[in-house]
Structure formats: structure tokens, C-alpha cells
Amino acid sequence: EAQVTQNPRYLITVTGKKLTVTCSQNMNHEYMSWYRQDPGLGLRQIYYSMNVEVTDKGDVPEGYKVSRKEKRNFPLILESPSPNQTSLYFCASSSGQGYQETQYFGPGTRLLVL
Amino acid sequence: QKEVEQDPGPLSVPEGAIVSLNCTYSNSAFQYFMWYRQYSRKGPELLMYTYSSGNKEDGRFTAQVDKSSKYISLFIRDSQPSDSATYLCAMRAGSARQLTFGSGTQLTVLP
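If you read the sequences in order, they're chains A and B.
The opening residue of the first sequence carries number 21 in this note's numbering; numbering runs sequentially from there.
The opening residue of the second sequence carries number 29 in this note's numbering; numbering runs sequentially from there.
Everything labelled a hint here was simulated from the structure, so no lab data went into it.
Given the structure is predicted, the values throughout are model-derived calculations rather than measurements.
Beta carbons are placed, not taken as given, at the ideal position from N, Cα and C, and that holds for glycine.
There's no promise every hint is true.
What the hints assert, rightly or not - Derived DSBU-like pairs (lysine-lysine); straight-line CA-CA distance at most 30 Å:
| id | chain 1 | residue 1 | chain 2 | residue 2 |
| --- | --- | --- | --- | --- |
| 1 | A | Lys77 | B | Lys30 |
| 2 | A | Lys77 | A | Lys38 |
| 3 | A | Lys77 | B | Lys98 |
| 4 | B | Lys70 | A | Lys91 |
As the list claims (entries may be wrong) - Take a look, some chain B residues computed to stay more than 10 Å from chain A by CB distance:
| id | residue |
| --- | --- |
| 5 | Glu43 |
| 6 | Glu85 |
| 7 | Asp86 |
| 8 | Asp94 |
| 9 | Ser96 |
What the hints assert, rightly or not - Partial selection, computed: residues in chain A whose CB lies under 8 Å from chain B:
| id | residue |
| --- | --- |
| 10 | Tyr51 |
| 11 | Gly62 |
| 12 | Gly78 |
| 13 | Gly126 |
| 14 | Gly128 |
Model the full structure from these sequences, guided by the hints.
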């Protein structure tokens with residue numbers, strides 16, 4: 021089954037404690053990205069990756085890091101989380117070009133930073 | 029001003045009604061337009077995908093794009109309670125992979 025998986029699904033942490041949210045896809049997609057979703061703001065892109073070892077900033081990259089060492093994995097790293105990073109996070113992957121592009125989203129990770 | 033504006037609702041309609049969801053945008057470079065459906069506690073799933081201006085129909089769903097007005101719509105005919113979800117519009121420029129999303133409209137279809 022084609023899918024994007026994220027772990028953990030729910031996370032409560034404290035300010036400053038480093039954390040990593042993992043993302044994995046089994047569709048051999050080149051493009052992967054991270055979004056955060058906040059009420060009234062919709063989905064905003066944090067980082068994206070066009071391929072292995074190729075990453076770039078999205079609209080709201082401050083406070084986040086990513087890496088893409090393998091095609092299937094794209095972890096999101098919060099080195100020193102702050103309460104304003106409390107949000108719902110989605111990983112996505114996509115294939116194809118132009119009209120054929122289809123983007124798949126993971127189930128989401130709900131993060132609370134105290 | 030946001031690049032993509034979407035009425036957040038909530039929108040509540042009776043079963044069988046025709047639903048109209050809309051987004052406006054300001055970036056004339058946007059060429060690909062999408063509608064996603066997001067059920068509670070789930071990730072968004074792609075519903076409709078259109079290129080440039082025109083209409084696209086898929087079952088009970090019709091997507092319309094009017095690039096001259098920078099306005100896109102999603103129509104749902106014969107709405108069902110299972111259509112209750114948040115609907116997000118998204119769009120991107122031709123050469124870019126980055127999507128810009130609207131804030132989403134929460135729809136409830138009452139049985």
C-alpha cells in the first residue's frame with residue numbers, strides 16, 4: 021500500500037528539548053516536504069527536498085532543520101523547541117511533473133511544546 | 029494580504045444540497061490548482077487537480093478556474109454527510125513544486 025508514515029503521532033515536550041519527527045514514504049518519490057497547520061493559517065511549508073541531499077527552505081523554516089540522506093526518509097528536527105512551534109505537522113511526498121503530479125500526505129504529528 | 033484567501037466557514041448544508049467552495053488568489057504565476065479534502069485528525073487527500081482556466085468534473089465534484097479573475101471554485105452536487113470535512117484549495121506556479129494553501133473551509137452536511 022502506498023503511504024507516508026510519520027512518527028510519533030502525538031508528542032508533548034518542554035521548551036529546549038531537542039526532538040525529531042520521522043517521515044518515511046514507500047513510493048520512491050523524489051520530492052518530499054514538511055508543513056505545519058495552524059488554525060486560520062492553513063498549511064504552510066517548512067522545508068522541502070527535491071531529492072537525496074537536496075533540501076531548501078519553505079515559507080516558515082525558522083527553528084527547524086531537515087536532512088535527506090535516503091530517498092524514503094525525511095526527518096524534521098527541532099533543535100530547541102519553543103511554544104510557538106506547537107502545531108500539527110504533516111509530511112508529504114509527490115511524484116510526477118506538472119499535471120501528473122500527485123502529492124500524498126502523512127497522517128500528521130500533533131506537537132505540544134510546554 | 030495572504031496570497032490565497034479562502035472563507036473559513038463553517039458552512040452547514042442539508043444533505044442533497046449543492047455546495048460551492050471558493051478561493052481567490054493574488055499571484056498571477058499560479059498555473060496548477062488543487063482541492064484537498066481533510067477529514068478530522070487525518071492528512072489532506074487530493075480531490076481535484078486542474079491546470080490553467082476551465083472546468084474539470086469528477087463524479088459529484090466540479091472544479092472551476094477563472095484565471096482572469098484569480099478565482100477558483102469547487103462544486104459538490106448531491107452533497108452527502110460523508111462529504112463533511114475541511115476543504116483546502118492549493119496552487120502553484122508552473123515550474124515550482126511548492127504549494128500555497130488556503131486556510132480551509134469547514135463543511136458539514138446534515139442528514
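Against the structure, the hints come out as follows:
1. Straight-line distance between C-alpha atoms of Lys77 of chain A and Lys30 of chain B comes to about 19 Å, which keeps the hinted pair within the 30 Å bound.
2. Only pairs whose Cα atoms come within 30 Å are accepted, and Lys77 of chain A paired with Lys38 of chain A is accepted, the gap being roughly 20 Å.
3. Between Lys77 of chain A and Lys98 of chain B, the direct Cα distance comes to roughly 26 Å. Compliance with the 30 Å bound is thereby established for this hinted pair.
4. Simply put, Lys70 of chain B and Lys91 of chain A have alpha-carbon atoms about 24 Å apart, close enough for the 30 Å limit, and the pair holds.
5. No beta-carbon of chain A comes within 10 Å of the beta-carbon of Glu43 of chain B; the shortest separation is about 27 Å.
6. Separation of Glu85 of chain B from chain A is adequate, the least Cβ-Cβ distance of about 16 Å exceeding the 10 Å criterion.
7. With a closest Cβ-Cβ approach of about 14 Å to chain A, Asp86 of chain B is found to remain outside the 10 Å limit, as its non-interface label requires.
8. A cut-off of 10 Å between C-beta atoms confirms that Asp94 of chain B is not in contact with chain A; the least separation is 18 Å.
9. With a least beta-carbon separation of about 21 Å from chain A, Ser96 of chain B lies farther than 10 Å from that chain, consistent with its non-interface assignment.
10. For Tyr51 of chain A, the interface hint holds, the least distance from its beta-carbon to any beta-carbon of chain B being 5 Å, beneath 8 Å.
11. The closest approach between the C-beta of Gly62 of chain A and any C-beta of chain B is roughly 4 Å, which is under the 8 Å cut-off, so the hint is satisfied.
12. Taking 8 Å as the C-beta contact cut-off toward chain B, the hint placing Gly78 of chain A at the interface holds, the least distance being around 7 Å.
13. At its closest, the beta carbon of Gly126 of chain A sits 5 Å from a beta carbon of chain B; the interface hint therefore holds under the 8 Å criterion.
14. At a threshold of 8 Å, the smallest CB-CB gap from Gly128 of chain A to chain B is about 5 Å, leaving the interface hint in force.
Every hint, counting from the list given before, is met by this structure.
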